[in-house]
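A.B. asks: Each chain, letter by letter, is given below.
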Amino acid sequence: ETGVTQTPRHLVMGMTNKKSLKCEQHLGHNAMYWYKQSAKKPLELMFVYNFKEQTENNSVPSRFSPECPNSSHLFLHLHTLQPEDSALYLCASSQGSRSTDTQYFGPGTRLTVL
Amino acid sequence: AQKVTQAQTEISVVEKEDVTLDCVYETRDTTYYLFWYKQPPSGELVFLIRRNSFDEQNEISGRYSWNFQKSTSSFNFTITASQVVDSAVYFCALSGYGGSQGNLIFGKGTKLSVKP
Chain A
1 ETGVTQTPRH
11 LVMGMTNKKS
21 LKCEQHLGHN
31 AMYWYKQSAK
41 KPLELMFVYN
51 FKEQTENNSV
61 PSRFSPECPN
71 SSHLFLHLHT
81 LQPEDSALYL
91 CASSQGSRST
101 DTQYFGPGTR
111 LTVL
Chain B
1001 AQKVTQAQTE
1011 ISVVEKEDVT
1021 LDCVYETRDT
1031 TYYLFWYKQP
1041 PSGELVFLIR
1051 RNSFDEQNEI
1061 SGRYSWNFQK
1071 STSSFNFTIT
1081 ASQVVDSAVY
1091 FCALSGYGGS
1101 QGNLIFGKGT
1111 KLSVKP
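Quick mapping for you: the protein sequence lines, in order, are chains A and B.
At position 70 of the first sequence the residue is numbered 70 (our numbering), and the sequence of numbers has no breaks.
Count along the second sequence from 1, then add 1000; that gives the number in our numbering.
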């Protein structure tokens, strides 16, 4: 089974919509991450969860709301987004959240905000 | 501050050519880790290699090889006899104890196009 899965793979939403991105990891890892990848910008870390607890919020606007019900699942709830939020959203997981832990990524959700 | 620079934005080669992707990093940490990831058009970042700062031995894996030189703060990636399937964006990344928990610092990536 694929290590890290993300659904949906593509999402188009209006600025007033509410939607959620889902990530699931099948690697037995304890840490999960959300990244944003915009055109012409380096990957930006958004959130880090370790053992279901949020350990990092990289100054992300409140219109992005993460949820981690268990170590295998991670959600990103979206509401009242802006067109500049259009990007590829990548989920990753690692054994722990130390710098020594290799992060494994999912295929991403391509989000378009109209 | 930590920083990763991939000066080559795009590289185009013909199949079977060798190609080297450059990566230069900055960090004040004495212990740190360097990574390379491949991002094919499908979007998923595929982990290729992790190297810690105390291990300067070069590594070879099939057609892939990595040259880590602390003296020049570089961690370059060479693909020998490139193939069309190597076409992707390649990212170099850095993590260290001085950074935030779990924070991988990525370069901007190098887009490699291998033409038949």
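Calculated from the structure, these hints are not laboratory results.
Cβ atoms here follow ideal geometry from the backbone N, Cα and C, with glycine treated the same way.
Be aware that one or more of the hints could be misleading.
[Stated by the list, open to error] What follows is a list of derived Cβ distance ranges for each label pair: (1) A:Leu27 with B:Ser1061: 39 to 47 Å; (2) A:Arg9 with B:Lys1115: 37 to 45 Å; (3) B:Thr1030 with A:His79: 24 to 32 Å; (4) B:Ala1007 with A:Thr7: 34 to 42 Å; (5) A:Lys41 with B:Thr1030: 25 to 33 Å; (6) B:Glu1056 with A:Thr55: 28 to 36 Å; (7) B:Glu1059 with A:Pro83: 16 to 24 Å; (8) B:Val1046 with A:Thr7: 16 to 24 Å; (9) B:Ser1071 with A:Leu114: 29 to 37 Å; (10) A:Thr100 with B:Val1046: 16 to 24 Å; (11) B:Ala1007 with A:Lys18: 23 to 31 Å; (12) A:Asn57 with B:Ala1001: 14 to 22 Å.
[To be verified] Pairs of lysine-lysine, DSSO-like flavour, derived with a Cα cap of 27 Å: (13) B:Lys1115 with A:Lys41; (14) B:Lys1016 with A:Lys22; (15) B:Lys1016 with A:Lys41; (16) A:Lys22 with B:Lys1115; (17) A:Lys22 with A:Lys40; (18) B:Lys1111 with B:Lys1016; (19) B:Lys1070 with B:Lys1115; (20) B:Lys1003 with B:Lys1115; (21) A:Lys36 with A:Lys18; (22) B:Lys1016 with A:Lys36; (23) A:Lys18 with B:Lys1111; (24) B:Lys1038 with B:Lys1108.
A.B. asks: Hint by hint, say whether it matches the structure.
C.D. replies: Hints versus structure:
{"no.": "1", "hint": "A:Leu27 with B:Ser1061: 39 to 47 Å", "verdict": "21 Å, violated"}
{"no.": "2", "hint": "A:Arg9 with B:Lys1115: 37 to 45 Å", "verdict": "28 Å, violated"}
{"no.": "3", "hint": "B:Thr1030 with A:His79: 24 to 32 Å", "verdict": "43 Å, violated"}
{"no.": "4", "hint": "B:Ala1007 with A:Thr7: 34 to 42 Å", "verdict": "36 Å, holds"}
{"no.": "5", "hint": "A:Lys41 with B:Thr1030: 25 to 33 Å", "verdict": "29 Å, holds"}
{"no.": "6", "hint": "B:Glu1056 with A:Thr55: 28 to 36 Å", "verdict": "31 Å, holds"}
{"no.": "7", "hint": "B:Glu1059 with A:Pro83: 16 to 24 Å", "verdict": "43 Å, violated"}
{"no.": "8", "hint": "B:Val1046 with A:Thr7: 16 to 24 Å", "verdict": "19 Å, holds"}
{"no.": "9", "hint": "B:Ser1071 with A:Leu114: 29 to 37 Å", "verdict": "51 Å, violated"}
{"no.": "10", "hint": "A:Thr100 with B:Val1046: 16 to 24 Å", "verdict": "20 Å, holds"}
{"no.": "11", "hint": "B:Ala1007 with A:Lys18: 23 to 31 Å", "verdict": "41 Å, violated"}
{"no.": "12", "hint": "A:Asn57 with B:Ala1001: 14 to 22 Å", "verdict": "20 Å, holds"}
{"no.": "13", "hint": "B:Lys1115 with A:Lys41", "verdict": "26 Å, holds"}
{"no.": "14", "hint": "B:Lys1016 with A:Lys22", "verdict": "40 Å, violated"}
{"no.": "15", "hint": "B:Lys1016 with A:Lys41", "verdict": "30 Å, violated"}
{"no.": "16", "hint": "A:Lys22 with B:Lys1115", "verdict": "36 Å, violated"}
{"no.": "17", "hint": "A:Lys22 with A:Lys40", "verdict": "25 Å, holds"}
{"no.": "18", "hint": "B:Lys1111 with B:Lys1016", "verdict": "17 Å, holds"}
{"no.": "19", "hint": "B:Lys1070 with B:Lys1115", "verdict": "33 Å, violated"}
{"no.": "20", "hint": "B:Lys1003 with B:Lys1115", "verdict": "31 Å, violated"}
{"no.": "21", "hint": "A:Lys36 with A:Lys18", "verdict": "18 Å, holds"}
{"no.": "22", "hint": "B:Lys1016 with A:Lys36", "verdict": "34 Å, violated"}
{"no.": "23", "hint": "A:Lys18 with B:Lys1111", "verdict": "34 Å, violated"}
{"no.": "24", "hint": "B:Lys1038 with B:Lys1108", "verdict": "12 Å, holds"}
When the structure is compared with the earlier hints, violations turn up for hints 1, 2, 3, 7, 9, 11, 14, 15, 16, 19, 20, 22, 23 and for no others.
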